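**Student:** Take a look at the letters that make up each chain.
Protein chains: 4
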Amino acid sequence: MTVRIGVIGTGMIGRDHTRRIQQVLAGAEVVALSDYNPDAARAVQADLAPAAQVYEKGEDLIAAPEVDAILVCSTGATHEPYVLAAIAAGKPVFCEKPLATTADGAKRIVDAEAAFGRRLVQVGFMRRYDAGYVALKAAVDSQIGAPIMVHAAHRNPTVPEHYLTPMAIHDTLIHEIDVLRWLLNDDYVSARVLFPRKAARSHGKLRDPQVVVLETAKGVLIDVEIFVNCHYGYDIQCEIVGEDGIAKLPEPMAIQMRLDAKLQNPILTDWKDRFVDSYDVELNDFIKAAAQGTAAGPSSWDGYVAAITSDACVAAQEADGEAVAISLPARPALYN
Amino acid sequence: MTVRIGVIGTGMIGRDHTRRIQQVLAGAEVVALSDYNPDAARAVQADLAPAAQVYEKGEDLIAAPEVDAILVCSTGATHEPYVLAAIAAGKPVFCEKPLATTADGAKRIVDAEAAFGRRLVQVGFMRRYDAGYVALKAAVDSQIGAPIMVHAAHRNPTVPEHYLTPMAIHDTLIHEIDVLRWLLNDDYVSARVLFPRKAARSHGKLRDPQVVVLETAKGVLIDVEIFVNCHYGYDIQCEIVGEDGIAKLPEPMAIQMRLDAKLQNPILTDWKDRFVDSYDVELNDFIKAAAQGTAAGPSSWDGYVAAITSDACVAAQEADGEAVAISLPARPALYN
Amino acid sequence: MTVRIGVIGTGMIGRDHTRRIQQVLAGAEVVALSDYNPDAARAVQADLAPAAQVYEKGEDLIAAPEVDAILVCSTGATHEPYVLAAIAAGKPVFCEKPLATTADGAKRIVDAEAAFGRRLVQVGFMRRYDAGYVALKAAVDSQIGAPIMVHAAHRNPTVPEHYLTPMAIHDTLIHEIDVLRWLLNDDYVSARVLFPRKAARSHGKLRDPQVVVLETAKGVLIDVEIFVNCHYGYDIQCEIVGEDGIAKLPEPMAIQMRLDAKLQNPILTDWKDRFVDSYDVELNDFIKAAAQGTAAGPSSWDGYVAAITSDACVAAQEADGEAVAISLPARPALYN
Amino acid sequence: MTVRIGVIGTGMIGRDHTRRIQQVLAGAEVVALSDYNPDAARAVQADLAPAAQVYEKGEDLIAAPEVDAILVCSTGATHEPYVLAAIAAGKPVFCEKPLATTADGAKRIVDAEAAFGRRLVQVGFMRRYDAGYVALKAAVDSQIGAPIMVHAAHRNPTVPEHYLTPMAIHDTLIHEIDVLRWLLNDDYVSARVLFPRKAARSHGKLRDPQVVVLETAKGVLIDVEIFVNCHYGYDIQCEIVGEDGIAKLPEPMAIQMRLDAKLQNPILTDWKDRFVDSYDVELNDFIKAAAQGTAAGPSSWDGYVAAITSDACVAAQEADGEAVAISLPARPALYN
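Chains as they are written, first to last, in this note's numbering: chain A, 11 to 346; chain B, 11 to 346; chain C, 11 to 346; chain D, 11 to 346.
These are calculated hints, taken from the structure and not from any lab test.
It should be emphasised that the depicted structure is a prediction, and the values quoted were computed from it without experimental measurement.
Any given hint could turn out to be false.
Identical chains blur together in the list; that is why a pair holds if it fits in one copy or across any two.
As the list claims (entries may be wrong) - Here are the simulated DMTMM-like pairs of lysine to aspartate or glutamate, each with C-alpha atoms no more than 20 Å apart in a straight line:
no., residue 1, residue 2
1, Lys-228, Asp-330
2, Lys-101, Asp-197
3, Lys-147, Glu-106
4, Lys-298, Asp-26
5, Lys-282, Asp-270
6, Lys-215, Glu-253
7, Lys-208, Glu-253
8, Lys-282, Asp-49
9, Lys-258, Asp-270
10, Lys-298, Asp-57
11, Lys-208, Asp-196
12, Lys-298, Glu-39
13, Lys-107, Asp-290
14, Lys-208, Glu-249
15, Lys-67, Asp-287
16, Lys-208, Glu-171
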């Protein structure tokens, strides 16, 4: 069967997912589009999905009988109501990050889905679908013994003026928060943030870089350097230290050259290139599960835990090096 | 539009391409299947394409009005007649290697396609679609200056008893023959084969390893080590030396580990894993072109040149280190 | 001139330094030997320095007129009195780690040397002479911009039962404490120790691994993983994050092999092999300065600062993740 | 005992060896100096060896009773007579490359030494003392099985106008000729030279690059790329393919940096930096053997074989891709 998909929000990521469904992946087609700016929706329709219907309101798209499953790619504040509406309609829904703008909002989604009794929500944590992380998880699970420590880094060459210190957590660390839980099959119990001196390129209101230290329920100690003015490139590092050895996330594929008295290979500079392949894989996972009327991959519970953890990390930014405790409510059986 | 595809030959590769079209790629569906063993075709139908029609004869599949394009995955000796039939029917056809079992056979296909006047044939040289080779070509075209030398290696851990010395060319080197022409945008003018002592693991009738030396029209000197009893793994190496520097084919993505007093990462041992992703990309290219009624990627001319070059290399295996000349007829305008 | 050297302590390291002077390095000869066990001294005399005089007491060796300079390689508790005696005699003295067993003892040496008014003491922090660290310092000084963070690791495959938690500082981290100050040209202002769960191979009384976090006067944030039951090898890692980029300590020279389905190179397992070349260089530096009647390289001030820092780190091991302040007295002009 | 050394030829390399003996290495001193330009000898005396005697004639230096051993660092054409004189005097002699300017000249030295009956001559093939090659030899001897093929490269960024095609053998390949025989413990039986098109930066009279193919008595096939206008750096590569796996010469130690959107480390550009450490080791080997009245390391037989092989390679440059046979006379028992 072909999964008939409605896309809410047709900005950069909504357009890109539409292209993916129409031109790259088997098993689905975009039958409905919606955007707060209807012209944007119509432009995507014209370019990529001429047979799709354009809806003024996302709620109507969700309710439309020809729509089997929904992609929520609209602005963050609208995620919660759209996802709740999809759950109410019993339709699988893929929601880009964040699942909700507050932990409480994410909790409402978890509760609604748990009440519905079947998984319907996939959150857009695409790193779990990256071939490098997938291979790293296999190495962690089978080669290096039980994990004890993690050393990670998330570096951007630069950020705009409006990027403030808490965004280092909500927009940047959020990916490590999710993917490290998944890699370790573990939960966080505390967060601590340590600041070196501010980088010269960090703009006035931003404290950058910082090191976030997370502790897990199993006693793993994680340090993540966040450095969003590192200048040299977009660079994601992750090293897992286990009882028997160490496994490291691969560098992105690159051509090694001998040139200009340097043995060199390019480092990416645009974050959009780093995990580009994983978007195909995550959407394929969504389509395959949606064809069965359910969802797989990162769940609303994962989105909720990420929100709680983020809040603790932001609090820790103001705690002068003290650890901030992280506690989770009981996990509903649906997410075990 | 959805391209309706007929698959001739439903062995390992035919089944795999059917899965790809049905489950992975957008824009096509398998509507017809054929195999010299009809039960095999019906098994693939049952597993992957229930709506497809099974034809006893490949010729009937090619002629069937519901079939827009053809995949030839049958045994090598049947490739030529099926491809010629597809050209006669004016339908795009993807043909697995070899295009024909002789250079003359390949020439007949070139002539038929040139007479038809539009490209219809894509040959299954999948390495051109491998992300590593694609990036290497970009580096060759823009970073290291004009190429002067190539050092390459094609190593298998082991081969069966029936693998004889000429198969090192026809089954193994054939990939380098095609992909290096494409990388260099050049043609071969001579081939030479040099043999070191035979490896201890090489079986009685096989002279392994060997070094094939190719010279191109632009004066590039290429050495390719073929070693099909290298024992340690399946390993493809390629290094291009240009006027300004050197570019190297990336190693396959792998997790680097510190384990057992070794800094180590796995090397593949099964050739099927090495270029697995490129099959998706090559078939996607076929589907996109077929939707326009034509073909792109490696052409029948490329298949023909590969056949001529292979024949010269096999002759060079018996020439005691002498160079064997390679000359090509004029290239039809269709392939410029 | 040939520097005439007396060696106090003829155990493993004293014997090795004697061999170095007699057989490897130009410009010096061992003319006197002493050990609390005179037979040990005589054995070294017989094997390596037949012309040397054996002294029962180190003090007599220091006072002997034919001795120009002294190597203190005896047990730790004797370092302070021997070094003070050498200063009193106005003779250059190379002292293996630790300079003294307490910070106060090191301070007495600093005071004596400062009062003498000329540098006479070199402390055996050999990493400053390692070619890798020397090259790293050059990169830090000229390529990557001002340092902001350091990520380091010091891993041993295993330790004996008598190795207790504070020894992770006094015997292990001590090398990072000195070499990172030197690399950064900076001083520490606080130390913090974080413990993940204990490694399964860590014996009963030892808390291993641990992460020591140091902050410097210039605001650099340093994390050093100490893991002395890492099992896989002896491994020293150091990465400096600067304003413009990152520089990494090289791995030890090793042969990369393709073997057994692994791209692999050996990791050392014995710490004695890791910095073996740097002992030659440090002693050469001592000889060259001693020929001028003075000392260069790591000073008694450096030994004193290392002692103060170590004490703070040990205190931090018991401080439950709190930062322990490190404050230094004014640096005597002699050490600027 | 201290070996008293006389140095003939006080140009760059003679001066550098004098410094090494006087300031770096134990066990020797320079007691005599000679140069065709006596002022040059006196300058080295003043700078490095004030106690040395300056001789007008090399022959007198060799005969001088206070001289135990000789270093021949003079111009190539004088090597043969000086080495023969040293043998006649029964004194160990270290001779820089070439041992003689002709194979016949080298043969006369071999004959004289064999007649003398004890090894006295060490030839300055320093690569055998390079830590990388030493480790590679250990891997070849114990890890990768019997060698079957070698892929090597010798690249210089540029060469002066007076560097002509045969110098690619006599001055450049000569190092591979010696070190590969030693690595493989084997002898050459044929040489072949293949030329790609000329590099754009190659000056008018020079055919550059070239690939030299050597075959050994044990059946190993060696290809060595010589490219002396490679522009990007000075780069020596060597990979040995054995029955069980592959071992690769390490890259020189370098700091890996992340900088300017590149993961990069410097490549050397000056050949003098590449094997600088090995000069210390080779001279130390000479001193230790000379103290016993003999010589070790690369022998006059090795120098002779290198000369014969070089001549064959130069002949092969003119043989249009044909193999030129290499045959050696019987090896005197002294060199077994």
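**Student:** Take the hints in turn and mark each one as holding or not.
**Tutor:** Tested hints:
| no. | hint | result |
| --- | --- | --- |
| 1 | Lys-228 with Asp-330 | between (25 Å within a copy, 18 Å between copies) |
| 2 | Lys-101 with Asp-197 | neither (29 Å within a copy, 56 Å between copies) |
| 3 | Lys-147 with Glu-106 | neither (23 Å within a copy, 35 Å between copies) |
| 4 | Lys-298 with Asp-26 | both (19 Å within a copy, 18 Å between copies) |
| 5 | Lys-282 with Asp-270 | between (28 Å within a copy, 18 Å between copies) |
| 6 | Lys-215 with Glu-253 | between (41 Å within a copy, 18 Å between copies) |
| 7 | Lys-208 with Glu-253 | between (35 Å within a copy, 10 Å between copies) |
| 8 | Lys-282 with Asp-49 | neither (25 Å within a copy, 47 Å between copies) |
| 9 | Lys-258 with Asp-270 | between (29 Å within a copy, 15 Å between copies) |
| 10 | Lys-298 with Asp-57 | between (25 Å within a copy, 16 Å between copies) |
| 11 | Lys-208 with Asp-196 | between (32 Å within a copy, 17 Å between copies) |
| 12 | Lys-298 with Glu-39 | both (13 Å within a copy, 17 Å between copies) |
| 13 | Lys-107 with Asp-290 | within (16 Å within a copy, 29 Å between copies) |
| 14 | Lys-208 with Glu-249 | between (25 Å within a copy, 18 Å between copies) |
| 15 | Lys-67 with Asp-287 | neither (31 Å within a copy, 39 Å between copies) |
| 16 | Lys-208 with Glu-171 | within (15 Å within a copy, 43 Å between copies) |
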